[in-house]
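Chemist: This is what each chain is made of:
There are 2 protein chains.
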Amino acid sequence: MPELRKDPIIGRWVIISTERGKRPADFIVQYTPPKGGFCPFCPGNEDKTPIEIMAYRSGKSLPNTPGWSLRVVANKYPALRVEGDINREGDGVYDKMNGIGAHEIIIESPDHNDTIATLSEKQFEDVLWAYRDRIIDLKKDIRLRYVLIFKNHGETAGATLEHTHSQLIALPIIPKRVTEELDGSLEYYNYKERCIFCDIIRQDIMQGIRIITEDQDFIAITPYAPKSPFEIWLLPKKHESYFENAQKHQYENLAKIFLDVLKRMNKVLNNPPYNFILHTSPLGNGDTRHYHWHFEIMPTLVKTAGFEWGSGFYINPTPPEEAAKFLREAKV
Amino acid sequence: MPELRKDPIIGRWVIISTERGKRPADFIVQYTPPKGGFCPFCPGNEDKTPIEIMAYRSGKSLPNTPGWSLRVVANKYPALRVEGDINREGDGVYDKMNGIGAHEIIIESPDHNDTIATLSEKQFEDVLWAYRDRIIDLKKDIRLRYVLIFKNHGETAGATLEHTHSQLIALPIIPKRVTEELDGSLEYYNYKERCIFCDIIRQDIMQGIRIITEDQDFIAITPYAPKSPFEIWLLPKKHESYFENAQKHQYENLAKIFLDVLKRMNKVLNNPPYNFILHTSPLGNGDTRHYHWHFEIMPTLVKTAGFEWGSGFYINPTPPEEAAKFLREAKV
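If you read the protein sequences in the order shown, they are chains A and B. To convert, note that position 215 of the first sequence is 215 in the numbering used here; the numbers rise steadily by one, no gaps. To convert, note that position 234 of the second sequence is 234 in the numbering used here; the numbers rise steadily by one, no gaps.
Don't take each hint at face value.
Note that the list lumps identical chains together, so a pair holds whenever it fits in one copy or between two copies.
Below, in silico cross-link-like pairs of lysine-lysine (DSS-like), each with a Cα-Cα straight-line distance of 25 angstroms or less [as the list claims (entries may be wrong)]:
| no. | residue 1 | residue 2 |
| --- | --- | --- |
| 1 | LYS303 | LYS22 |
| 2 | LYS122 | LYS35 |
| 3 | LYS122 | LYS76 |
| 4 | LYS122 | LYS237 |
| 5 | LYS303 | LYS227 |
| 6 | LYS325 | LYS96 |
| 7 | LYS122 | LYS48 |
| 8 | LYS96 | LYS192 |
| 9 | LYS256 | LYS96 |
| 10 | LYS6 | LYS176 |
| 11 | LYS76 | LYS227 |
| 12 | LYS60 | LYS237 |
| 13 | LYS76 | LYS22 |
| 14 | LYS237 | LYS263 |
None of these hints come from the bench; they were simulated from the model.
Excised from the complex, chain A in its bound form (with noise of 0.2 angstroms):
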């Protein structure tokens, strides 16, 4: 009998077939890569992005020259405009305003044959250096609300340059699906006093069925009610409400477990498509103790179609406690 769960957060009911669960090898995603050719990306040829916003060097290399390690650019083709006051405006019974805010791309490695499951430790806990550090600068523009960090990985999973790269949004308002996993652990914090995601870890812990891995600082699982299948979460155990404010060996065994879990989804699903997306709290300091930072990595294995558009969600055909069981037992 195929079961229907809620997601604990935003109460999102979706349906997962217990039965005939799908096996990694029954999802053939071929990875592809974007286009090649000339890759602005590449060192040496600094001149072809717009102006570097910060970059890790080692030694003395100039700005906006080679020697870099990782490099954050402005967005060519940005979302999202910098300059400029914010003007909301009605118009009947419509709202908008001009599109104030930031689009930059995190270069995170010279070599144009990385990608993200080739990084070592060291190169991957810069890049998480380098989103706190993007937060930290973009926190003191009080025109911004939230600052969107996310990564597609393969041409299905929407990367349009090959280069490996994530990418920065920060926008003026607070975009939908962060306001109802806002407002979904407010209101089970109202009620219980205590931190959904807290008590998620608690139970995860404790039933160990969907746990992959973990860490003295991090836990690694397929959340109860996932949106597409091998779903993955990443969650510091500590509760946090701010990514930016991680201690250091947090930083350093995120980029540990993070590599672990993505080379071992790469194993059980022959190198799949994929994005991850940081969920953090909106800028500003406000008190958000109810919520939990953590990581959403989702493999491009299913088709948006009208179902997935009318319901919010994708019928998922393999059960959390199966896809962690095939992670949790991937030899990497």
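Put chain B on the given structure of chain A with help from the hints.
Modeler: Chain B in isolation, oriented as in the chain A frame:
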């Protein structure tokens, strides 16, 4: 300057690129039919589908034999099962219930080579009647709360069988997307004592810029804050919460305008893959006077990536006013 626009119903902000608006030819999306081979939906193969739930037949042909013009069968691999009682159950912080529901296929034509756009007005009107007849029938089952009806056209849009068909999934819960629309429109109704969809129709008729076409009963518009480029909504002008309560002349006129709009879309976007979804009130004749049934049509032009998963919408490179102009001016 890009623009942020707020969906007036569910409050989701979206980003619209107003400057470098993408023109139809910029979207290179090939329609690919799902793989061919033996077709269980063709006349003569009636015994290869689960038992017939209903069919429109001329003459005296028997159920589960050829002679039908439209046929509704259970899905061979249903996401939900119709047998059993609903049992809700908790597991610590988690909630689940057994997957009671229905999953049906509406085979829209006996001709394997048809698509919706090649159906006659009469044939497509029959498809709409079939949607209605199935809703009316499923309404009797008090375990069910919502009937989600949708169409996937083309492989990219999620179709897995080539022979033209829609799907129906009857659920014992109300999907989150639907709840959002119900809650949002109720909030507006409580404040204004008017239906927000009626207000949208009034304003869009007055402004004209987002109208594709209209007749006495229906209006086809591009929504002010679309989830994706070239999204189209078809709304009845007269307020009605329940699709199944439409008048006979409305089904007639809906078939006409729906086909007209699909042909315009096919012309402008060169036969794209697409999804459409019926948005209607939950089963049960509840008081949903704030809600207004409609169809949403979405050509599959862009890929779901990290930003979309994190925010709940696409960065829309074509303002709906431009999309409407292309569709309005298309000669079909």
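Chemist: Against this structure, judge whether each hint is valid.
Modeler: Structure-based check of all given hints:
| no. | hint | in the structure |
| --- | --- | --- |
| 1 | LYS303 x LYS22 | both (15 angstroms within a copy, 23 angstroms between copies) |
| 2 | LYS122 x LYS35 | neither (29 angstroms within a copy, 45 angstroms between copies) |
| 3 | LYS122 x LYS76 | neither (28 angstroms within a copy, 50 angstroms between copies) |
| 4 | LYS122 x LYS237 | within (22 angstroms within a copy, 61 angstroms between copies) |
| 5 | LYS303 x LYS227 | both (12 angstroms within a copy, 16 angstroms between copies) |
| 6 | LYS325 x LYS96 | between (46 angstroms within a copy, 21 angstroms between copies) |
| 7 | LYS122 x LYS48 | neither (27 angstroms within a copy, 57 angstroms between copies) |
| 8 | LYS96 x LYS192 | between (37 angstroms within a copy, 20 angstroms between copies) |
| 9 | LYS256 x LYS96 | neither (42 angstroms within a copy, 34 angstroms between copies) |
| 10 | LYS6 x LYS176 | both (19 angstroms within a copy, 10 angstroms between copies) |
| 11 | LYS76 x LYS227 | between (32 angstroms within a copy, 23 angstroms between copies) |
| 12 | LYS60 x LYS237 | neither (39 angstroms within a copy, 68 angstroms between copies) |
| 13 | LYS76 x LYS22 | between (41 angstroms within a copy, 16 angstroms between copies) |
| 14 | LYS237 x LYS263 | within (21 angstroms within a copy, 54 angstroms between copies) |
The structure is inconsistent with the numbered hints 2, 3, 7, 9, 12, although it conforms to all the rest.
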